[in-house]
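S.K.: Here is how the chains run, residue by residue.
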Amino acid sequence: MAADEAYTDQGEDPEVAGTVRALCADFDNRPDALIEILHGVQAAFGFVPEAAVGALAKSLNLSRADVHGVISFYHDFAREKPGRHVLKLCRAESCQANGSNALAAHAESALGVPFGATTGDGEFTLKAVYCLGNCALGPSVLVGETLHARVDAAKFDDLVAGLRGAKG
Amino acid sequence: MSGATVYVPRDAAALSVGSEVVAEAIAAEARSRGEDVRIVRNGSRGMLWLEPLVEVALADRRVAYGAVQSGDVAGLFDAGFLTGGDHEKSLGPTEDIPYLAKQERITFARCGVTDPLSIADYTAHGGFAGLQKALGMAPADIVAEVAASGLRGRGGAGFPTGIKWKTVSEAPGETKYICCNADEGDSGTFADRMIMEGDPFLLIEGMIIAGLATGAAEGLIYLRSEYPHAIAVMKRAIDQAQDAGYLGASVLGSGRGFRLEVRTGAGAYICGEETSMLESLEGKRGQIRAKPPLPALEGLFGKPTVVNNVLSFAAVPFILDKGGAAYAALGTGRSLGTQPFQLAGNIKRGGLIELPFGHTLRELIEDFGGGTLSGRPVRAVQVGGPLGAYLPESQFDLPLDYEAFAAQGAMVGHGGVTVFDDTVDMAEQARFAFAFCAIESCGKCTPCRIGSTRGVEVIERIKAGIEAEKNLDLLDDLCETLKDGSLCALGGLTPMPVQSAVRHFPEDFGRSAGSAAA
Chain W
1399 MAADEAYTDQ GEDPEVAGTV RALCADFDNR PDALIEILHG VQAAFGFVPE AAVGALAKSL
1459 NLSRADVHGV ISFYHDFARE KPGRHVLKLC RAESCQANGS NALAAHAESA LGVPFGATTG
1519 DGEFTLKAVY CLGNCALGPS VLVGETLHAR VDAAKFDDLV AGLRGAKG
Chain V
121 MSGATVYVPR DAAALSVGSE VVAEAIAAEA RSRGEDVRIV RNGSRGMLWL EPLVEVALAD
181 RRVAYGAVQS GDVAGLFDAG FLTGGDHEKS LGPTEDIPYL AKQERITFAR CGVTDPLSIA
241 DYTAHGGFAG LQKALGMAPA DIVAEVAASG LRGRGGAGFP TGIKWKTVSE APGETKYICC
301 NADEGDSGTF ADRMIMEGDP FLLIEGMIIA GLATGAAEGL IYLRSEYPHA IAVMKRAIDQ
361 AQDAGYLGAS VLGSGRGFRL EVRTGAGAYI CGEETSMLES LEGKRGQIRA KPPLPALEGL
421 FGKPTVVNNV LSFAAVPFIL DKGGAAYAAL GTGRSLGTQP FQLAGNIKRG GLIELPFGHT
481 LRELIEDFGG GTLSGRPVRA VQVGGPLGAY LPESQFDLPL DYEAFAAQGA MVGHGGVTVF
541 DDTVDMAEQA RFAFAFCAIE SCGKCTPCRI GSTRGVEVIE RIKAGIEAEK NLDLLDDLCE
601 TLKDGSLCAL GGLTPMPVQS AVRHFPEDFG RSAGSAAA
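Heads up: the protein sequence lines correspond to chains W and V, in order.
Going from the first sequence to the numbering used here is simple: count from 1 and add 1398.
Going from the second sequence to the numbering used here is simple: count from 1 and add 120.
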């Protein structure tokens, strides 16, 4: 049906819309795959751009409110571009037992941003998570798919310095 | 046998302390010395303070070295570790290490022993024997075997698995589902993750058997996004099982089909609640559903659905292979079989400890764990995740059994034990319990959505010494409202850590230790 082409959302971004359409097609435009598709959108752009909401709604035959509701429900989905590195610091009980609250305070002051925020240079986003399943070796920090154990202030600083130097 | 076989875990906990660079260092050192070494990336044995735990296969046993860092590798070669040579990191034969030797491993029998992504290794160690038996049985007989085992849901609620399967099996309808809850969000727990990374075919086998028992041809594993390694291993294992004919249109040519896929969660703790998980699997907000209807009758897409935890499915292959009675012979009272306990937090020797029910917390914390990592006295342990009770040392002789814990206002839950030393502020832990509930509440019911935030405020007033007694009464009242009025366990159980903290550690709430309310 040509309606898909004819109807244009306000502010539709052709790149985002094209990516969303391709991702949805991979899942046969099944609305129950919305969360998997959102992971795909986030993998492509680093976050879920506002322009994706309308495109997802159209492809999956959902309302924009449905899509928005799902995006806003789950902690994983970012609505703004995150830093080049997202530092996920575990703030749950087992890590607390090994000093993660002090580590959290150190992380905020070392990066100069509170949890949920991105540093001014766009390098780091600091994110609180609740359990990385490494509870016997905490405090734990996940960066990308790399898990770090027994992180104290010094190890955190080394980690940040290493990432700052790393390219890509 | 030409060359040596060396095991270096690829479990996420092992990776977090450097097992990848250790594996690379061993490969490089072997190359430069012209040694023929085969490196197997196994799961973890669960002795996490010894990770990276490197093992070498000798003719009749495996010997362990740990915790190995890449700087140790050249020395290990010099010491002849490929033939079991002695080194300062030597731990002797792996199976003789007391931490492992004292356990009774059924679910974790293979974890850390085999190559997680080798079907040949899995079958050589007894894998798929339960499935072979199940394929020759009538569905009702499979259900009866599981019922006879006394297996109860290992996710935390402890509902008898056999009854759940029977309900789904007898429910009318062509389409049914098997859903695995692998949203292991409780702090202090990692057993599901270890199985999925260390023995993924065990979960696959358990889920296929559930499908045969109930007439379901489709399975989904809801796996949390915080576990990228487990997701990768599970997906590869499913592909392999498909290629080998264990999954697909006809399981091992039986004419009965079973398909399986992984769905990735998105960072919502509430999706570990079964109805919320089902909503999420349908691509929706993870808001919980009122029960009834039970998921067993109206679950995923309104169809009859088995929802079980990873460890519940993982116990099933043994039960089918060795018989329900063999499983039920272990344990105590109505808590039968084994529970993989997870020792976490401020603990010297944290890890995975599988034991029959009936052992005590003290054995876990003192005998296995060796006390705190900090060396300070243990003050409190939280058992059963963020919704479990905080217990003081005086309760450590409580037997680990569903009923004994419930009688004390506590729960075994998913078997996580988080240890705190004497620097812990229990009022702060109680505040955190409410704060966590506020962050993770799905918002569907008022007691949880609003009560959690009010709880944080009340505890902050108590901590500030503002009308402490009056606010403690108010806190109690609020807790009762959450317990009675919440739709699910998040709101219903958040009072457990809060009230247990007040009851057992009144001095942290401005009450004298002697004035503890009953």
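Hints listed in this document are in silico derivations from the structure and should not be mistaken for laboratory results.
Please note that a few of the clues may not be correct.
To be verified - Straight-line C-alpha distance at most 16 angstroms; calculated EDC-like pairs for lysine to aspartate or glutamate: (1) W/Lys-1479 - W/Glu-1448; (2) V/Lys-423 - W/Glu-1448; (3) V/Lys-355 - W/Glu-1434.
S.K.: Would you mind marking each hint as holding or not holding in the structure?
M.R.: Results for each hint:
1. W/Lys-1479 - W/Glu-1448: Between W/Lys-1479 and W/Glu-1448 the Cα gap is close to 11 angstroms, so the pair holds against 16 angstroms.
2. V/Lys-423 - W/Glu-1448: Roughly 34 angstroms separates the two Cα atoms, so the pair is violated.
3. V/Lys-355 - W/Glu-1434: holds (14 angstroms)
When each numbered hint is compared with the structure, a violation occurs for hint 2 only.
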